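There are 2 protein chains.
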Amino acid sequence: MKIIETLSGLKSELLDSQSPLGLVPTMGFLHEGHMALIRRARADNATVAVSIFVNPAQFGPKEDLSSYPRDMVGDLAKLENAHVDVVFVPSTEEVYPEDFDTHVEPGEMAERLEGASRPGHLQSVATVVCKLLSMVRPDRVYFGQKDAQQVLVVKRVNADLNLGAEVVVVPTVRAPDGIAISSRNIYLKPAEREAATVLHRALLLAAKLDSNDVLETKLCLRKLIEGEELAAVDYISVADPETLKEMEVIDRPALLSIAVWIGKARLIDNVLLKPR
Amino acid sequence: MKIIETLSGLKSELLDSQSPLGLVPTMGFLHEGHMALIRRARADNATVAVSIFVNPAQFGPKEDLSSYPRDMVGDLAKLENAHVDVVFVPSTEEVYPEDFDTHVEPGEMAERLEGASRPGHLQSVATVVCKLLSMVRPDRVYFGQKDAQQVLVVKRVNADLNLGAEVVVVPTVRAPDGIAISSRNIYLKPAEREAATVLHRALLLAAKLDSNDVLETKLCLRKLIEGEELAAVDYISVADPETLKEMEVIDRPALLSIAVWIGKARLIDNVLLKPR
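The listed protein sequences correspond, in order, to chains H and L. If you're matching positions, the first sequence starts at 1493 in our numbering and goes up one per residue. If you're matching positions, the second sequence starts at 1493 in our numbering and goes up one per residue.
Don't read these hints as lab results, they were simulated from the structure. Each hint should be verified, as a subset may be incorrect.
For chains that are exact copies, the list does not tell them apart, and a pair is met inside one copy or across any two.
Lysine to any residue pairs mimicking SDA-like chemistry, simulated, CA-CA at most 25 Å apart [as the list claims (entries may be wrong)]: (1) K1737 to E1590; (2) K1647 to N1547; (3) K1700 to K1756; (4) K1737 to L1507; (5) K1647 to C1712; (6) K1710 to T1498; (7) K1647 to S1504.
Please read all numbers here as calculations on a predicted model, not as lab measurements.
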């Protein structure tokens, strides 16, 4: 496994790599969700590259950049065990030199949901993904369904800027208690962890309700989530799975996305609802 | 010479092409300025690709998209004579499918000069250049110094988004009367053509003045240009050649850029001034 810190090193390493090449972009602190992406990439490709880069640009000024969990030694051991070929761990200066001044604007869809709650976040994701795809030029790039809107933004940018990767989406990995695995779960104290199961319970409730009435569905979910003392709803959205435009009637497949504060952790989850 | 209209055709054609690959992006109606770029690309590279695409996005609503000159038959003959390997002539739909919704924002420098006079123009240039570089993945890409700010934007975007091309800048080609060769010169009636020489005369005057006083230089140039009845100044700028921030004293190399209306043609030209 080659560990590479510079763009020039990356370029020369990938020049002779076998095709196809799969890329798994991460912010490190690797968990089972990342490992599912990596296993899929390993199965699909002759060469697997994983990037570890905590992108400062995609954190808001009041967000958790400084406390975002890191574990480089543990990460590298996991990647070695997963037979990854290339690990790219650039410095912030390598990715954003001092005179950096270009941004990728992913359009209207990125202003909804996470875009509304975290201004600039998805623009920064779009920019860094464009950069990583241009640096690595993979045949395939892997993202988790947990970040459903991120997946849509990446697909949009990849297609619109002709970045040439196939975007492979891997199902959300859940802990036995149903919680979608996320680096930010580490912020949860035991009681909060218990409360955080409400996200998954809300998704299950929506599927069980099997209503085509979006308002009714949202009200039931809000009631369930607000029944948890430690939980506060950020948003509950039922939207078109491609455009993320809010729907009023579930007369076709709909993406149910929720964002919930549990203590200082802001957690998101989603499920595809089928029409009744 | 292969003429290719689709992205998939381009991809398969370039897969087996010899390195290095040089790209000359154009809007067609090829003139001596373009041919200088192509000759340089031919000298530098094993494979030369030329794109012809009149990018609707980079024309403002009141600009000359519909009347922009076109001559596909003449262009192809010139490219064949110049031993170009691949001509890429995509349709608008191929470049901008209906659901296209991503833009490249080139930062502060793009808001000055042409950015101020033609809102959105340089964003659209940045976006289409990002797309073309991602489609073609050339080792080198060629632009003319006549569009000095465009060159800076392309360099910025290419570096910031890691597009991996070397941006080669070729000196402005001038007609015997000094006018920088441009597709838009075709709009000039004979008397206007005579008047249009004032752009080049202004650049020569600035060099001859050899003043370090920007205000004085600008006043002299404005007086000269406004002495031409058919000419109207859009801007006269003396700015840092990298950031395009306006300078007050020419105490280091400075980019003198001018934009002048001659009839319905808006012409631009520039020269690098050296400090006295």
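> Out of the numbered hints, which ones does the structure contradict?
Replying inline: When the structure is compared with the hints, numbers 3, 4, 5 and 6 turn out to be violated.
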